[in-house]
Every structure is written in C-alpha cells, then in structure tokens.
Amino acid sequence: MTNQRDIEVYNYSVFEGQEDFTGFRSLLQIGVRAPDFPATLLETGETVKLSDYWRERDVVIEFGSHT
Amino acid sequence: MLEPMAREYAPEGFAFLFVYTREAHPGENYGPHRSMEQKLAHARAFKERGRVGRPILVDDLVGTGHTQYGALPNMTYVIGRGGRVLFRSDWTDPPTLTFFLKYLLDVRARRRSGERLAGFYVECMGYRNVDQEKFQQGLEVAGQQAVEDFARTMQRWTSQGKIPSRMEG
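Sequence lines, in order, name chains A and B. For the first sequence, counting from 1, position 63 maps to 63 in our numbering; every step adds exactly one. For the second sequence, counting from 1, position 150 maps to 150 in our numbering; every step adds exactly one.
If you are wondering where the hints come from, they were derived from the structure by calculation, not from laboratory data. Predicted, not measured: the structure shown is a model, and the values here were computed from it. Glycine residues also receive a C-beta, built at the ideal position from the N, C-alpha and C atoms. Hints may contain errors.
As the list claims (entries may be wrong) - Residues from chain A that face chain B, not an exhaustive set, calculated with beta carbons under 7 Å:
{"no.": "1", "residue": "10"}
{"no.": "2", "residue": "11"}
{"no.": "3", "residue": "19"}
{"no.": "4", "residue": "30"}
{"no.": "5", "residue": "42"}
{"no.": "6", "residue": "59"}
{"no.": "7", "residue": "62"}
{"no.": "8", "residue": "65"}
{"no.": "9", "residue": "66"}
Claimed, not checked - DSS-like mimics (lysine-lysine), calculated; alpha carbons at most 30 Å apart, straight line:
{"no.": "10", "chain 1": "B", "residue 1": "102", "chain 2": "B", "residue 2": "47"}
{"no.": "11", "chain 1": "A", "residue 1": "49", "chain 2": "B", "residue 2": "102"}
{"no.": "12", "chain 1": "B", "residue 1": "47", "chain 2": "B", "residue 2": "134"}
{"no.": "13", "chain 1": "B", "residue 1": "134", "chain 2": "B", "residue 2": "162"}
{"no.": "14", "chain 1": "A", "residue 1": "49", "chain 2": "B", "residue 2": "47"}
{"no.": "15", "chain 1": "B", "residue 1": "102", "chain 2": "B", "residue 2": "134"}
The following block holds chain A by itself, in its conformation from the complex (with noise of 0.2 Å):
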C-alpha cells in the first residue's frame, strides 16, 4: 500500500541535487535482464509492461520530466 510519505519523499518538493550519480554506475549491469514494470501509458490510460515493447524490437528508454 502505497503511503503518503513515500509519495513526499520520492517527489520531493525542493531540488537539492541529491542524486545518487556514482550509484546508478554499479546498479544495474550491462548484460543482465531489464527490469519490468507496469506503467500508464499516457495515450490510451491502458497499464503496459516495459517488457511489451522489447519481445519484438530493441527499446531505447528515456527517462525524464517535463521540469
């Protein structure tokens, strides 16, 4: 159950730069199997997977905001 704080925490209201950039470089291995994750694609309202997209064709993702 998705609770109030972890919404305020993620979406932080002040930028701060607390980024974890050297973290990202040990995350998530180049050869190893993509995470997937259910998300609203934007067009439709309709729940996709990540995974719907790279069963046929190779996926480049960009991650981002509109600020």
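Add chain B to chain A, keeping to what the hints say.
Just chain B now, kept in the frame of chain A:
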C-alpha cells in the same frame, strides 16, 4: 530529447519510449506530484510542449520503475530485443546514443552476413553539451522556485569544488 532520433531510427527497428518520472525541478507551475491525476496532467503538458511523438509511459507515484533503473533525472537505456541491458547512460545525449545505435546496427549486419560475434564488456566516458541557456529556460517553465533552488544547489556544488553528475576526462 530524443524526438529527432526516434524519427530517424524507428525505421531501423528500434522502439523509442519515454518514461515519465518525478519532477526533477519542481516549481510553482509544475510542483511535486501528489496524485496520479496530477502526474498524468504534467505528462500531457510535457507531450504538448515538446511535441513528443514517442509513447509516454507514466511510472507510478512512488517511482517504482524509475528507482529500479537508477532514479536519475534523464537517463537513457537501450534494451535489446528479449530484454537484456545493452547500453545505459546517466544523462541523455543524442551524439552518444547515435554512436551506439550505429554500432548495434553494424553488429546486426555483420551477424546477418555470417560473422560469429560474442558479447563482451565495455565501459566508456561520454561527453555532453552543458550550455546552460536551454536548461535555464526549462527551469523558468517550472517556476521561480525551481530557478532559485537550482541556483542555490549550484552554488553549494561550486563551493565544494565538484558537480556530482560531471566526470573528469
């Protein structure tokens, strides 16, 4: 932003996706997400402003997917058909990604011509443009608070002598 590359490389067999994460620089106009409705609304605004043609997958409110991939604000990953991580970068840079996609296409062509190739491990340094003008414009879209928060953090990094997301070389 990978829109032009998506148009160029989709015919070559690549699917391009955008995963929408938390607001990297929340401000008065685009604040931190407190509901999925808000997150979806921000994603729609992003799609319109950037004329994004790629599918936009909106991660859940606590960033489950984003966190599994490293939780950085603008990463790029290339996942091979079948699901293996082939490329990952801690920033998104079209020239760097182009370099890798061309390499991958060449590898595929060599395999099709009968050459036997096996995967091996490589790491390399990337170089990206750090001109601040476009970035500052982006902060202004978020709101004055985003501009001030970034300026304060930049000042702190400068006084510490290191910007965490930059590498020497």
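Hint check:
no., hint, result
1, 10, "holds, 5 Å"
2, 11, "holds, 4 Å"
3, 19, "holds, 5 Å"
4, 30, "holds, 6 Å"
5, 42, "holds, 4 Å"
6, 59, "holds, 5 Å"
7, 62, "holds, 5 Å"
8, 65, "holds, 5 Å"
9, 66, "holds, 4 Å"
10, 102/B / 47/B, "holds, 27 Å"
11, 49/A / 102/B, "holds, 27 Å"
12, 47/B / 134/B, "holds, 17 Å"
13, 134/B / 162/B, "holds, 22 Å"
14, 49/A / 47/B, "holds, 20 Å"
15, 102/B / 134/B, "holds, 27 Å"
The structure meets every hint from the earlier list without exception.
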